[in-house]
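The whole structure should be built from the sequences, with the hints applied where relevant.
Number of protein chains: 2
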Amino acid sequence: MAKRSFWAWGHESDEPTVEQMKTAAVDIAERYNVDLTPVGPPNPADLSLRKPRISPPSSLADICASDDHDRAVHTYGRSFRDRIRAFNLDFPNPPDVVARPRNEQEVEALLEWCSSSGYAAIPFGGGSSTVAGFEPPEGYDGVVTIDLEGLDQVLEIDDVSRSARIQGGIYGPALEDQLRPHGFTLRHYPQSFEFSTLGGWIVTRSGGHYATNQTHIDDMVESVRMITPTGLWESRRLPGSGAGPSPDRIAIGSEGTLGIITEAWMRIQARPVFRASAGVTFPTFAAGAEAARRIVQTKLWPANCRLLDPVEAAAAAGMDGSSALLLLGFESAEVPQGELIRHAVDIARETGGTIDDANIRVSDGSGGNSDGDTGRQGSVGAWRNSFLNAPYMKNHQAGLGFVTETMETAVTWDRWPNLDQTVRAALQDALNRVCGGGTVSCRFTHVYTDGPAPYFTFEGMGRLGAELEMYDEIKKRASDAIMAAGGTITHHHAVGRLHRPWYDQQRPELFAQALKAVKRTLDPNGVLNPGLLIDA
Amino acid sequence: MAKRSFWAWGHESDEPTVEQMKTAAVDIAERYNVDLTPVGPPNPADLSLRKPRISPPSSLADICASDDHDRAVHTYGRSFRDRIRAFNLDFPNPPDVVARPRNEQEVEALLEWCSSSGYAAIPFGGGSSTVAGFEPPEGYDGVVTIDLEGLDQVLEIDDVSRSARIQGGIYGPALEDQLRPHGFTLRHYPQSFEFSTLGGWIVTRSGGHYATNQTHIDDMVESVRMITPTGLWESRRLPGSGAGPSPDRIAIGSEGTLGIITEAWMRIQARPVFRASAGVTFPTFAAGAEAARRIVQTKLWPANCRLLDPVEAAAAAGMDGSSALLLLGFESAEVPQGELIRHAVDIARETGGTIDDANIRVSDGSGGNSDGDTGRQGSVGAWRNSFLNAPYMKNHQAGLGFVTETMETAVTWDRWPNLDQTVRAALQDALNRVCGGGTVSCRFTHVYTDGPAPYFTFEGMGRLGAELEMYDEIKKRASDAIMAAGGTITHHHAVGRLHRPWYDQQRPELFAQALKAVKRTLDPNGVLNPGLLIDA
Numbered sequence: 001m002a003k004r005s006f007w008a009w010g011h012e013s014d015e016p017t018v019e020q021m022k023t024a025a026v027d028i029a030e031r032y033n034v035d036l037t038p039v040g041p042p043n044p045a046d047l048s049l050r051k052p053r054i055s056p057p058s059s060l061a062d063i064c065a066s067d068d069h070d071r072a073v074h075t076y077g078r079s080f081r082d083r084i085r086a087f088n089l090d091f092p093n094p095p096d097v098v099a100r101p102r103n104e105q106e107v108e109a110l111l112e113w114c115s116s117s118g119y120a121a122i123p124f125g126g127g128s129s130t131v132a133g134f135e136p137p138e139g140y141d142g143v144v145t146i147d148l149e150g151l152d153q154v155l156e157i158d159d160v161s162r163s164a165r166i167q168g169g170i171y172g173p174a175l176e177d178q179l180r181p182h183g184f185t186l187r188h189y190p191q192s193f194e195f196s197t198l199g200g201w202i203v204t205r206s207g208g209h210y211a212t213n214q215t216h217i218d219d220m221v222e223s224v225r226m227i228t229p230t231g232l233w234e235s236r237r238l239p240g241s242g243a244g245p246s247p248d249r250i251a252i253g254s255e256g257t258l259g260i261i262t263e264a265w266m267r268i269q270a271r272p273v274f275r276a277s278a279g280v281t282f283p284t285f286a287a288g289a290e291a292a293r294r295i296v297q298t299k300l301w302p303a304n305c306r307l308l309d310p311v312e313a314a315a316a317a318g319m320d321g322s323s324a325l326l327l328l329g330f331e332s333a334e335v336p337q338g339e340l341i342r343h344a345v346d347i348a349r350e351t352g353g354t355i356d357d358a359n360i361r362v363s364d365g366s367g368g369n370s371d372g373d374t375g376r377q378g379s380v381g382a383w384r385n386s387f388l389n390a391p392y393m394k395n396h397q398a399g400l401g402f403v404t405e406t407m408e409t410a411v412t413w414d415r416w417p418n419l420d421q422t423v424r425a426a427l428q429d430a431l432n433r434v435c436g437g438g439t440v441s442c443r444f445t446h447v448y449t450d451g452p453a454p455y456f457t458f459e460g461m462g463r464l465g466a467e468l469e470m471y472d473e474i475k476k477r478a479s480d481a482i483m484a485a486g487g488t489i490t491h492h493h494a495v496g497r498l499h500r501p502w503y504d505q506q507r508p509e510l511f512a513q514a515l516k517a518v519k520r521t522l523d524p525n526g527v528l529n530p531g532l533l534i535d536a
Numbered sequence: 001m002a003k004r005s006f007w008a009w010g011h012e013s014d015e016p017t018v019e020q021m022k023t024a025a026v027d028i029a030e031r032y033n034v035d036l037t038p039v040g041p042p043n044p045a046d047l048s049l050r051k052p053r054i055s056p057p058s059s060l061a062d063i064c065a066s067d068d069h070d071r072a073v074h075t076y077g078r079s080f081r082d083r084i085r086a087f088n089l090d091f092p093n094p095p096d097v098v099a100r101p102r103n104e105q106e107v108e109a110l111l112e113w114c115s116s117s118g119y120a121a122i123p124f125g126g127g128s129s130t131v132a133g134f135e136p137p138e139g140y141d142g143v144v145t146i147d148l149e150g151l152d153q154v155l156e157i158d159d160v161s162r163s164a165r166i167q168g169g170i171y172g173p174a175l176e177d178q179l180r181p182h183g184f185t186l187r188h189y190p191q192s193f194e195f196s197t198l199g200g201w202i203v204t205r206s207g208g209h210y211a212t213n214q215t216h217i218d219d220m221v222e223s224v225r226m227i228t229p230t231g232l233w234e235s236r237r238l239p240g241s242g243a244g245p246s247p248d249r250i251a252i253g254s255e256g257t258l259g260i261i262t263e264a265w266m267r268i269q270a271r272p273v274f275r276a277s278a279g280v281t282f283p284t285f286a287a288g289a290e291a292a293r294r295i296v297q298t299k300l301w302p303a304n305c306r307l308l309d310p311v312e313a314a315a316a317a318g319m320d321g322s323s324a325l326l327l328l329g330f331e332s333a334e335v336p337q338g339e340l341i342r343h344a345v346d347i348a349r350e351t352g353g354t355i356d357d358a359n360i361r362v363s364d365g366s367g368g369n370s371d372g373d374t375g376r377q378g379s380v381g382a383w384r385n386s387f388l389n390a391p392y393m394k395n396h397q398a399g400l401g402f403v404t405e406t407m408e409t410a411v412t413w414d415r416w417p418n419l420d421q422t423v424r425a426a427l428q429d430a431l432n433r434v435c436g437g438g439t440v441s442c443r444f445t446h447v448y449t450d451g452p453a454p455y456f457t458f459e460g461m462g463r464l465g466a467e468l469e470m471y472d473e474i475k476k477r478a479s480d481a482i483m484a485a486g487g488t489i490t491h492h493h494a495v496g497r498l499h500r501p502w503y504d505q506q507r508p509e510l511f512a513q514a515l516k517a518v519k520r521t522l523d524p525n526g527v528l529n530p531g532l533l534i535d536a
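Read top to bottom, the protein sequences are chains A and B.
For the first sequence, this note's numbering assigns the number 1 to the initial residue and increments by one for each residue that follows.
For the second sequence, this note's numbering assigns the number 1 to the initial residue and increments by one for each residue that follows.
Since the hints were derived computationally from the structure, they do not count as laboratory data.
There may be inaccurate statements among the hints.
Any copy will do: because identical chains look the same in the list, a pair fits if it lies in one copy or spans two.
What the hints assert, rightly or not - Below, a list of computed lysine to any residue pairs in the SDA-like style, where the Cα atoms sit at most 25 Å apart:
#	residue 1	residue 2
1	299	181
2	394	26
3	394	485
4	299	156
5	299	386
As structure tokens, then:
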């Protein structure tokens with residue numbers, strides 16, 4: 001099996017070469033008019049972690065590892081902060097043990113060991129958290145990170161109900177590989193798809209492929225099977241229910257604090273055959289936003305309805321920097337999509353959008369390729385490639401002092417113009433002060449009848465060695481602005497350790513108390529992912 | 001203001017006349033080949049309730065009532081059991097006080113009074129519960145029913161976000177009346193619409209108008225404002241979020257056990273203009289079910305996709321009793337619906353359905369009447385009238401010993417044929433033994449990609465005075481069968497006192513413990529609707 005990089009997105013083979021890092025340095029040096037000499041990538045041989053403070057009981061020794069590389073891989077996610085710290089070989093608080101249970105009995109045994117010993121037990125999916133979702137806590141005598149990669153099977157497919165029973169540790173590609181021979185797909189593609197798992201998606205309320213209607217993984221969950229320190233929590237498979245508050249909706253979003261999801265019945269679907277796509281340009285981001293709002297309020301339910309501001313449209317889709325770009329995509333296994341996209345394009349044109357009829361691509365799947373190609377051509381295809389490649393490109397930019405990150409939220413339409421203005425201002429202001437300038441851009445990743453989910457990207461030239469402090473100041477300013485403007489601190493990246501201060505402002509205080517009470521019931525010794533969502 | 005009947009569906013003016021009851025008796029007597037002499041309707045003057053055991057503090061006296069009629073109206077909902085008991089003037093455990101707060105301060109003061117005195121505090125919406133959702137508990141020194149009818153305003157409309165801030169005690173018709181002048185609608189029409197409230201819908205996870213896609217009120221809630229004995233619980237207005245488990249999803253379905261919903265921001269929409277409808281006949285219920293499954297899995301998202309078995313099709317839509325009927329309806333404020341309904345009809349025909357092209361009704365709203373008429377003609381219109389009138393017709397059947405009720409569930413498609421068979425068998429078997437025969441019928445009220453929500457109706461000729469015991473036996477047999485076949489004990493009627501035994505089997509036991517912990521946090525003295533969902 002390919003070995004994961006301890007610092008970069010992907011495997012060791014995805015780590016950038018010195019040459020690639022030089023190319024990135026030249027690009028950034030030109031853009032920011034500075035001199036840059038890249039620091040070379042770190043050497044795994046230089047890893048020197050704190051010695052493990054605990055060892056597993058002999059009954060669990062077979063599934064536990066404690067070597068430096070493995071523990072380093074399980075210390076940080078893949079945010080900017082994570083990448084910088086790992087690149088700098090800065091691992092002051094790694095887990096002591098990395099456990100890889102092969103079945104539920106071993107998950108139970110691991111929780112029992114941690115619970116009875118007072119060790120922190122950290123569930124680990126694909127390792128792509130951008131919010132420090134599995135970073136070990138301080139103040140524990142031992143930390144055991146439970147990597148669920150062994151629970152990697154689609155166990156059962158119910159084709160009449162279009163549902164599948166799937167293990168929680170399965171990675172995105174394996175999940176799709178196992179559904180594909182049966183003609184089905186989950187069709188959930190977060191940007192982390194390659195390095196994230198079903199269980200991870202569920203406990204972080206992941207947002208995926210669909211830009212409208214049912215966007216979050218929440219709505220695809222039919223039932224959940226979760227091991228807690230107190231025992232098994234399993235909900236009944238149901239297409240819908242009105243029997244009390246939904247048990248699943250407490251497990252969904254629990255970020256590893258209540259239990260470990262070993263299985264879930266998920267709603268799956270036939271693979272799309274009919275597709276249509278269009279990239280509509282707008283003179284301003286605001287005009288594009290108005291089109292997106294009208295399209296979603298018309299309930300045409302496009303699978304894709306992503307709006308890029310002029311900066312993003314230039315960077316990701318090859319536009320000239322003067323126009324915003326609305327990417328529309330429709331898809332269906334059975335129904336031709338031409339009517340729908342033409343209706344959406346009509347709305348877009350009414351609000352000032354421009355597209356030639358020839359650039360509205362409609363495919364009936366007759367090419368025999370169920371993946372079609374309407375989403376892989378023109379500006380839509382350019383954006384798609386850029387989206388998938390983005391995490392890898394960031395690998396090249398480490399070791400330069402360059403500061404860049406993304407932030408996402410959701411807000412009602414009435415508050416959106418103010419949020420756009422104040423968050424951009426906060427970011428630009430902070431970049432100016434901290435980095436002496438920089439760039440801010442925004443896109444909509446999802447749109448709802450009552451508001452968009454905006455996704456901001458910022459970058460600035462920082463100072464090597466000071467990136468983390470610089471980042472922290474920018475992040476704080478922008479997060480405060482999101483809160484003040486009525487947004488959520490996260491639409492689909494989760495809370496983690498990173499967003500706790502703002503999450504605490506956002507949620508009802510009584511809900512925090514209620515969640516603490518739930519936590520005490522399921523995890524009486526407070527060992528599961530301590531510090532996430534609530535204090536012990 | 002019209003006075004509510006203490007026993008019948010509706011107001012006192014809706015109570016049946018002696019003549020109407022005679023007509024119903026003749027009809028039932030003919031069908032069951034028995035002699036029937038109806039007992040006349042009860043006289044409000046004969047109400048003689050237990051004297052109130054408590055009186056409100058003087059500061060609350062203005063908003064409290066304790067007369068017999070008012071307390072009788074607030075004792076029972078409108079299930080079969082409720083109607084029989086009220087008809088028989090059987091009110092052994094009425095509330096002591098009926099309070100009508102006019103604002104949040106008075107809600108707080110009422111909860112404070114109950115919490116400090118140990119009196120049960122029972123939130124009351126429109127009074128149409130069919131599951132004993134607000135029936136006073138035994139074992140309390142005092143019971144205060146809090147009728148929220150004073151909180152009856154749409155407070156704010158955000159037309160750009162298509163959302164409205166609405167008070168929890170508003171009845172269905174008033175809610176729509178207040179949205180209509182702005183061109184909006186919530187479009188949530190449970191059968192109880194006339195006598196149920198927004199807050200009631202939210203805490204019971206009401207299912208309404210839409211038969212596919214977003215069917216439950218759950219998905220229309222943008223945020224919730226709830227007064228608990230511990231304080232205010234208010235979530236942030238957000239179109240979507242991934243920040244921890246959803247606070248709203250704990251309030252939704254809480255059945256008055258955690259707090260009183262005083263306001264909610266709700267997702268509203270433009271009133272439909274384009275409509276299409278069709279009634280497709282099938283030789284069997286199973287063939288119709290296959291069509292419904294394929295239509296919903298194709299994700300055409302019809303607003304109506306109700307399937308009536310031959311018995312229901314005959315009774316409610318004037319069919320001849322040999323065919324099942326699939327009622328399809330599409331609607332949109334902006335998009336013509338002809339293509340969609342023709343696609344759905346094509347699928348229905350492929351699975352054995354029959355309809356003349358001339359009977360596919362498509363309206364572009366050009367008549368200028370935004371209510372259109374496509375849903376009010378033919379078999380579709382006949383069913384609509386029957387649906388709205390059904391609760392009133394039951395008023396006529398009291399006092400005869402006649403036993404009739406509905407039961408609803410949801411189940412995955414793979415388990416549906418067995419559930420259909422075993423629940424029908426259980427009902428028929430119980431009717432045969434208890435009533436010496438009777439009728440069972442079924443319809444789908446909602447359909448999901450992974451399963452239908454079946455709705456059973458049963459009736460049999462019981463014995464006057466013994467109806468409740470007879471009903472209990474039938475209900476128990478059928479509910480056990482639903483559980484055994486993998487269904488939920490309720491899809492949209494809620495749990496109440498009626499469904500507790502089966503709800504306890506269905507939910508994860510650890511979820512019950514978690515919910516108890518939440519309850520202790522929000523309602524430490526256990527005064528809010530005691531006995532619902534969990535034991536104190």
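Evaluate residue 394 and residue 485 at a C-alpha cut-off of 25 Å and name the case that applies: within, between, both or neither.
-> The answer is neither: 29 Å in one copy and 52 Å across copies each exceed 25 Å.
Within a copy, between copies, both or neither: where do residue 299 and residue 156 come within 25 Å Cα-Cα?
-> between (33 Å within a copy, 23 Å between copies)
Same-copy or cross-copy closeness of residue 299 to residue 181 [CA-CA at most 25 Å] | between (32 Å within a copy, 22 Å between copies)
Have a look at residue 299 and residue 386 and pick one of within, between, both or neither, based on CA distance no larger than 25 Å.
-> Neither, since 28 Å and 30 Å both go past 25 Å.
Homomeric proximity label, residue 394 with residue 26: Cα distance no greater than 25 Å = within (15 Å within a copy, 81 Å between copies)
The structure is inconsistent with the numbered hints 3 and 5, although it conforms to all the rest.
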